[in-house]
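Each chain is listed here by its residues.
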Amino acid sequence: MMQSSPLNFRRAVIWIGRLVLGGIFVYAGISKLIFPNTHLWPMFVLRFSISVNLSSFAQQVESYKIISPEASQMVAHILPFVEIALGLLLLIGWRLRIWATAITGIMVGFLAVVTRAYLLHMDINCGCFGTPEKLTGWTVVRDSAFAALALVMTIFVFLEARQPHPWSAPEKASLISDH
Amino acid sequence: MSRRALLALAVVLAFLGGRLLLSRGVHPAPTVRARTDRATQPSSSGEPNPSASDAHPTPALPTTPAATREASAASESATPATPVPQDANGIPDVDPHKAFGSKSAPISMEVFSDFQCPACKTLFMTTNRQLLESYVSTGKVYLIHRDFPLPMHAHSVVAARYGRAAAQIGKFEQVEQVLFQNQEKWEQTGDVDGTVAGALSAAEMAKVRALVKGGTLDAAIDKDRKLGQMYNVSQTPTTVFHCKGQTYPYGGAMSFDTLKQFLDQLLSQK
Numbered sequence: 513m514m515q516s517s518p519l520n521f522r523r524a525v526i527w528i529g530r531l532v533l534g535g536i537f538v539y540a541g542i543s544k545l546i547f548p549n550t551h552l553w554p555m556f557v558l559r560f561s562i563s564v565n566l567s568s569f570a571q572q573v574e575s576y577k578i579i580s581p582e583a584s585q586m587v588a589h590i591l592p593f594v595e596i597a598l599g600l601l602l603l604i605g606w607r608l609r610i611w612a613t614a615i616t617g618i619m620v621g622f623l624a625v626v627t628r629a630y631l632l633h634m635d636i637n638c639g640c641f642g643t644p645e646k647l648t649g650w651t652v653v654r655d656s657a658f659a660a661l662a663l664v665m666t667i668f669v670f671l672e673a674r675q676p677h678p679w680s681a682p683e684k685a686s687l688i689s690d691h
Numbered sequence: 011m012s013r014r015a016l017l018a019l020a021v022v023l024a025f026l027g028g029r030l031l032l033s034r035g036v037h038p039a040p041t042v043r044a045r046t047d048r049a050t051q052p053s054s055s056g057e058p059n060p061s062a063s064d065a066h067p068t069p070a071l072p073t074t075p076a077a078t079r080e081a082s083a084a085s086e087s088a089t090p091a092t093p094v095p096q097d098a099n100g101i102p103d104v105d106p107h108k109a110f111g112s113k114s115a116p117i118s119m120e121v122f123s124d125f126q127c128p129a130c131k132t133l134f135m136t137t138n139r140q141l142l143e144s145y146v147s148t149g150k151v152y153l154i155h156r157d158f159p160l161p162m163h164a165h166s167v168v169a170a171r172y173g174r175a176a177a178q179i180g181k182f183e184q185v186e187q188v189l190f191q192n193q194e195k196w197e198q199t200g201d202v203d204g205t206v207a208g209a210l211s212a213a214e215m216a217k218v219r220a221l222v223k224g225g226t227l228d229a230a231i232d233k234d235r236k237l238g239q240m241y242n243v244s245q246t247p248t249t250v251f252h253c254k255g256q257t258y259p260y261g262g263a264m265s266f267d268t269l270k271q272f273l274d275q276l277l278s279q280k
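Heads up: the sequence lines are chains L and Z, in that order.
The number in the working numbering is simply the position in the first sequence, starting from 1, with 512 added.
The number in the working numbering is simply the position in the second sequence, starting from 1, with 10 added.
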């Protein structure tokens with residue numbers, strides 16, 4: 513019978529990180545695609561909804577005044593899909609070290625960009641989710657919390673990976689202890 | 011399917027389901043006409059239906075020509091506005107000086123806009139110019155400007171007043187252009203008057219100033235704002251498309267290519 517994974521602090525943090533960050537990333541990506549315009553049918557209306565939503569997101573990316581309008585368009589058309597993919601991969605838990613590192617990198621990037629805008633007193637929308645949301649100190653605090661969670665989760669994932677996993681290799685683990 | 015995949019799927023569905031429940035829905039909103047018909051329909055006893063009018067207490071939208079005339083007369087007492095006609099898609103309270111194209115066009119577009127909003131500027135400078143050339147001048151689209159000054163912008167109400175005043179002397183197009191073109195300047199200085207003066211002659215500017223000082227324009231701006239609230243406008247620009255009895259409100263700026271594709275599909279719809 514398969515031995516269940518004993519829950520310790522590190523594993524609990526990894527689970528919380530995966531559920532929270534994975535869920536938020538998937539939601540953030542999907543919300544950018546289908547909010548605020550949620551007309552889903554007929555098909556040409558859905559295509560228009562997504563196009564308008566991505567155009568609005570591109571405007572928000574551009575308002576940070578870090579990259580050119582063309583680059584903003586490119587980012588706006590790629591980022592939501594990357595967020596969905598990374599969120600799903602984190603939730604599934606496949607190759608966790610790679611995707612946890614990627615999500616940490618992205619979260620730290622978001623935090624840097626948002627903090628810069630806040631310190632420059634830029635009166636802009638955050639662009640974090642699909643619906644307009646003013647960038648405030650709360651946005652910085654929230655992103656800091658998520659970035660910290662991502663960082664701690666990634667460190668714990670690497671630490672856990674150095675030990676034999678009780679789900680995948682219980683026999684191997686007992687063999688090692690026998691010797 | 012593994013436990014992990016099922017868990018991931020459940021979390022995603024929970025997020026989406028929750029958000030969709032909170033959003034305004036997945037279907038196009040009913041038309042203004044349908045809503046107002048309900049609101050103004052008398053009950054079987056001949057009395058106005060109070061519950062129906064309570065459902066949409068904000069703008070009392072006329073639906074019949076007689077009602078339109080009455081509303082027009084009432085609004086004239088509040089503002090020295092021009093007549094209030096209806097277009098082919100049954101949109102009331104249209105100031106002809108703030109609308110472009112043929113009233114009988116198959117598609118009507120109401121653009122809820124704020125002169126101080128950067129995305130509105132983008133929409134005006136890029137998309138709407140091409141729209142005017144390709145669809146409005148050819149009689150396919152009737153384009154209506156609506157004021158929706160956001161509270162977060164310090165000078166947008168003042169700019170809306172100047173826009174309204176300019177519309178009343180038939181100079182809306184020029185003033186709209188100069189306000190959007192110089193948005194960054196007057197946003198900093200607050201000098202809306204000076205910006206508008208750059209686009210009008212001294213005599214025209216005197217008329218505009220008199221209308222702005224008259225204080226009668228706010229009622230009309232408020233009317234547009236209430237109409238926007240009825241469409242759940244929460245951001246600017248929001249464009250409300252009316253075609254063949256359907257209403258599609260869209261928040262955000264859009265490129266002309268995307269808009270063109272959508273308009274062509276709307277026009278080809280049976």
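Quick caveat, the hints were computed from the structure, so don't treat them as lab data.
All values reported here derive from a predicted model rather than from experimental measurement.
There's no promise every hint is true.
Claimed, not checked - Think about it this way: if two alpha-carbon atoms lie no more than 27 Å apart in a straight line, the pair counts; the simulated DSS-like pairs of lysine-lysine are: (1) K270(Z) <-> K254(Z); (2) K270(Z) <-> K150(Z); (3) K217(Z) <-> K577(L); (4) K195(Z) <-> K646(L); (5) K270(Z) <-> K646(L).
Taking the earlier hints as the rules, which of them does this structure contradict?
3 and 5
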